[in-house]
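Asker: On the provided structure of chain A, position chain B as indicated by the hints.
As a plain string of letters, each chain reads:
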Amino acid sequence: MSARLKDVIESLIFISLEPLTLEKIKGICSEFSEKEIQEAIQELTENYSSNQRGIQIIQAAGGYLFSTKSEHDQWVRRLLRLEQKNKLSHAAMETLATVAYHQPITLAEISALRGVDSTHSIKTLLQKKLVKITGRKKSPGRPLIYRTTDRFLTYFGLISLSDLPSEEEITKILDEEKFLE
Amino acid sequence: MEEPREYQVNLEVFQGPLDLLLFLIRKKKINIHDIPIAAITREYLDYLDRKGRINLEREGEFLLIAALLIYIKSQMLLPRESMREEEEDPRNVLVSRLLDYQKIKAASTLLREKEGKQMMLWQRTSLPPLQSKDEHEHSEVSLFDLAEAFLTLMKKKQQENFRLINGKDFSLEEKMKELIDLLKEKGYLDFLEYFYSQESMEAALVSFFCLLELIKAGIATAIQKSLFDSIEVWLRQEIPS
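For the protein sequence lines, the chains are A and B, in the order given.
Under my numbering, residues 1217 to 1397 are what the first sequence spells out, in order.
Under my numbering, residues 623 to 863 are what the second sequence spells out, in order.
Keep in mind the hints are simulated off the structure, nothing from the lab.
This one's a predicted model, so the numbers in the text were calculated from it and none came from an experiment.
Do not take every clue at face value.
With a straight-line Cα cutoff of 20 angstroms, these simulated SDA-like cross-link-like pairs (lysine to any residue) come out [stated by the list, open to error]: (1) A:K1303 with B:R734; (2) A:K1285 with A:L1295; (3) A:K1301 with B:W856; (4) A:K1285 with B:G738; (5) A:K1388 with B:L644.
Looking at chain B on its own, in the form it has when it is part of the complex:
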């Protein structure tokens, strides 16, 4: 019997079905050129089962490889009319893919080492990299940070003596467009600076809602480079038109 596993394997830690297959093959210390398809398929499906629901959009590839495994097994089971010597092993398709993938994985490990070394070196001309959503580990500020910064600002503004001109409505759409245009032009906005420049409390409020909408829609992102630093609003690279 198999020993009970204490850990749950999350599919997301694998970079795809080939990664998972390689993991299973290594774990079982199987020769990659002679994979026992039935056993490995069972293991593979076990993992999928444990995952529970499969998000077809993101994990469809896992099913594709499962289908391939089962297909290969069926090919191996079916009796052939002509048992020619040079008949190709149905597993070859998979094996060559796995070998190729294994190389890529190893190469990416080597490149990762180089990346690490190179990251310690700084060139005068390279600007600090912009943190973007696509790569993890950046300090995107939370709604609360934003709201807090906004409130502080509004309090500060209240103390100032500014006139209120009534009768002007701010449409969310207009402000939104204005914000996007500004972001497009400058690349980013200083959060505090921007609201400080708003002519009235109402305008500032509307802009703030717009900004929240933009962030929610994934069009903009708010970033704080470090604690107590000013909050910057960046436009995400691709704007759904």
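This is chain A alone, in the form it adopts within the complex:
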């Protein structure tokens, strides 16, 4: 019985365009208990992470999805004829970090925190669908409010926003920098 559920979930993840959440799997496999489903996912993930597979199941944006393994990166790029994926520019990355840690946030607030006008960066991020507009702030001028998207989570391999590097990790980096000098 459990073997079959595992196979079903495998096909569901295979066919999903976005990370498949546990909630969705539960809705589809309603005849199984949550515990059975979780066990099946667990088993499936373990199967894939064994060394005999070229792909793996990763968790991102609150769901599961298939992905290649990092050691196969260069072969995949050969197939896709891509030298390298485009990294975010420095300014865009900084702006994104600002949004991630201070959301919901307006453009003026981002620019103030960075000390630089961030109009251009926020446009880039909107285009890349890493941030989204979620409304307007009830303050003079009713400025737009920005938040990060699910794609943002997938992009960085984060399960949820609480998975962002913590305050301690940030302090650690700052201490290390001091130490280097």
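Answerer: Only chain B this time, still in chain A's reference frame:
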């Protein structure tokens, strides 16, 4: 005396005035909570001087922070009527901004690491990312590549036997509109394919000029994914209306 510096610091390597300030503070190994404003202001202005001309539009923020530094210094110099104990240090405004910014910088370093790891993983459903002008490192083709491709094509076309129907004028504007509409509809054009479909040499020439105009105006961009690949023309996301 200070040792002579061999390198020229370019303002553009800094992500803004706060970045520059942090750099100066670190270089001088200063405690961020106790910044010697006069010294740091001098250094800061030195950097601006070395840069020479300042592009107000892009680097106005640098001046803003310079003004803030000088303001803080003046506040610290001015005698206060009441020397209250709890008087706030005028530097606090700047310090708290710097601390916040420092955190963002560190966070963006951490995210950059994650980005690097994640970039090695590929998902079947994600299409190869479209290279856009906003992010560097894409191979935008040069005018010469375009012209060369165009000439090759025209030569090929010349060998074909096609009839020339005179009397039709192609207006640049009309063609331009046609091109934009096509781009809007399909998202991109295959450069060679498009010109190959033109009915005459004249039409092809006019379209080629249009394309150059569009690229010049920043409305379209020509991209080659890899060497010897076909050239694609993409519409930039925002079209100035």
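Asker: All hints, please: hold or fail.
Answerer: Here is what the structure says about each hint:
| no. | hint | result |
| --- | --- | --- |
| 1 | A:K1303 with B:R734 | holds, 9 angstroms |
| 2 | A:K1285 with A:L1295 | holds, 15 angstroms |
| 3 | A:K1301 with B:W856 | holds, 18 angstroms |
| 4 | A:K1285 with B:G738 | holds, 13 angstroms |
| 5 | A:K1388 with B:L644 | holds, 17 angstroms |
The structure fails none of the hints (numbered hints given earlier).
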